[in-house]
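S.K.: My request is simple: use the sequences and hints to build the entire structure.
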Amino acid sequence: MKVKASEIIKLIEDAQTMIDIQKLDPDANLRDVGADSLDMMNILLAIQEQYGIEVPDEDIDKVQTINEICKYINTSTDE
Amino acid sequence: MIGIKEIASFVPLSGHDNFKLAQHFGKTEEFVKKRIGGHFLPVMDQELDTSDIGTKALLNLISKANLKREDIDCLVVCTQNPDGNGLPHTSAIIQKKAELPKTVAAFDISLGCSGFVYGLNIVKGFMHASDLKTGILITADPYSKIVNSKDPNTAMLFGDAATATLLTSNNSQLSLGPSIYGTDGTGGNALINKDGQLYMNGRAVFNFAVQKVCEHIPLLLRKAGLLMNAIDCYILHQGSRYLVETIAKRLGIKEKVICAMEKTGNTISSSIPLILEQEINNHRNKTILISGFGVGFSIGSMILFRNNH
Numbered sequence: 067m068k069v070k071a072s073e074i075i076k077l078i079e080d081a082q083t084m085i086d087i088q089k090l091d092p093d094a095n096l097r098d099v100g101a102d103s104l105d106m107m108n109i110l111l112a113i114q115e116q117y118g119i120e121v122p123d124e125d126i127d128k129v130q131t132i133n134e135i136c137k138y139i140n141t142s143t144d145e
Numbered sequence: 555m556i557g558i559k560e561i562a563s564f565v566p567l568s569g570h571d572n573f574k575l576a577q578h579f580g581k582t583e584e585f586v587k588k589r590i591g592g593h594f595l596p597v598m599d600q601e602l603d604t605s606d607i608g609t610k611a612l613l614n615l616i617s618k619a620n621l622k623r624e625d626i627d628c629l630v631v632c633t634q635n636p637d638g639n640g641l642p643h644t645s646a647i648i649q650k651k652a653e654l655p656k657t658v659a660a661f662d663i664s665l666g667c668s669g670f671v672y673g674l675n676i677v678k679g680f681m682h683a684s685d686l687k688t689g690i691l692i693t694a695d696p697y698s699k700i701v702n703s704k705d706p707n708t709a710m711l712f713g714d715a716a717t718a719t720l721l722t723s724n725n726s727q728l729s730l731g732p733s734i735y736g737t738d739g740t741g742g743n744a745l746i747n748k749d750g751q752l753y754m755n756g757r758a759v760f761n762f763a764v765q766k767v768c769e770h771i772p773l774l775l776r777k778a779g780l781l782m783n784a785i786d787c788y789i790l791h792q793g794s795r796y797l798v799e800t801i802a803k804r805l806g807i808k809e810k811v812i813c814a815m816e817k818t819g820n821t822i823s824s825s826i827p828l829i830l831e832q833e834i835n836n837h838r839n840k841t842i843l844i845s846g847f848g849v850g851f852s853i854g855s856m857i858l859f860r861n862n863h
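In the order they appear, the protein sequences are chains H and L. Just so you know, we're using the working numbering here: the first sequence kicks off at 67 and counts up by one. Just so you know, we're using the working numbering here: the second sequence kicks off at 555 and counts up by one.
It is worth saying that the hints were derived from the structure and are not from the lab. Bear in mind that the values here come from a model prediction, so they are computed numbers and not experimental data. Do not take every clue at face value.
Quick list of in silico lysine-lysine cross-link-like pairs, BS3-like style, CA-CA up to 30 Å [said to hold, decoys possible]: (1) H:K76 / L:K581; (2) L:K840 / L:K777; (3) L:K687 / H:K89; (4) H:K76 / L:K777; (5) L:K803 / H:K128; (6) H:K128 / H:K70; (7) L:K587 / H:K89; (8) H:K89 / L:K581; (9) L:K588 / L:K704; (10) L:K687 / L:K618; (11) H:K89 / H:K76; (12) H:K128 / L:K817; (13) L:K803 / L:K766; (14) L:K574 / L:K817; (15) H:K76 / L:K810; (16) L:K803 / H:K89; (17) H:K68 / L:K803; (18) L:K777 / L:K587; (19) L:K777 / L:K817; (20) L:K748 / L:K803; (21) L:K588 / L:K678; (22) L:K651 / L:K687; (23) L:K766 / H:K128; (24) L:K656 / L:K678; (25) H:K76 / L:K766; (26) L:K766 / H:K70; (27) L:K587 / H:K76; (28) L:K588 / H:K76; (29) L:K810 / L:K588; (30) L:K766 / H:K137; (31) H:K76 / L:K808.
M.R.: Okay, here's the thing in structure tokens:
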């Protein structure tokens, strides 16, 4: 089952970060819509807990937008 | 019953303005206020050592509690940055500097941010087993000795402070209730002293703290037979404001969690007793949950109950 952008947006909303969810575009870099390094750690932890996928430090650049996060999770779960 | 009677502290007056450090590292004022939490980071004078700030906290306690030196039976110091290389133990140096009697039992324990919680039961257990009446737990872990001032991950986080907690066999204010502990040595490399300098993997520490504390607190409450709302006040180790607030949000206890690190930053094992020092006479707080977590990884959580005299 493919992860959808709406699921990741909900996950970010639940993590209560500084990101303005209303303005969140699936292709926007999360750092450009209010996330700082601590929010990113929080989001990555939420992904890890929700989908059982650990994003190593060297892959953080690959998960900077909602769509990139979906792609990363879907690719990881396909493997 | 052995419990906490009084707490005193020593916080150096000199230190770093974290807003200036933020400017230096290209961070914003908002980052300092909302994320880091420490506006000012106290730093002990260069000519002082761990035993000096521990002694100052102890002397403040002796004065505050009208304590007679000859009544002190044991002295336990929690530190991972002892004088020298830990030889002799810092507690023996403090015994000398504070002019405590030679009959005092003194030893150090090596723990970081969980150290105060562990230390309380170590002192209590030692006092109980040895039939002692008066014990002191000192926390003194000045990270200024090891922080790399060029590393923004750590230079903006830590402050120096020491605390001294008086435990007595009678007339204590707070009883030590149920407690639980944990260790995960696989996280050992996330916070280490490498060749005399501190290195921290912030993400690994954050993940451990958020996940483990959020598991630990409900487990402790279950052990104690208490519901979340039975606790009047939660005092978590003040790792950073963001960390404390993330844990509080996840547990749904934001209104009851104290966040007070503006004047100190993260003071390792001193962060919980520094807040407890302010709350010990607040009689509205009858049931207090404390949780310390960090280097090791290590975690300890305990419930304190106010005694009615």
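S.K.: Please flag the earlier hints that this structure goes against, numbers listed from lowest up.
M.R.: Hint check: 3, 4, 12, 18, 19, 20 and 21 fail, others pass.
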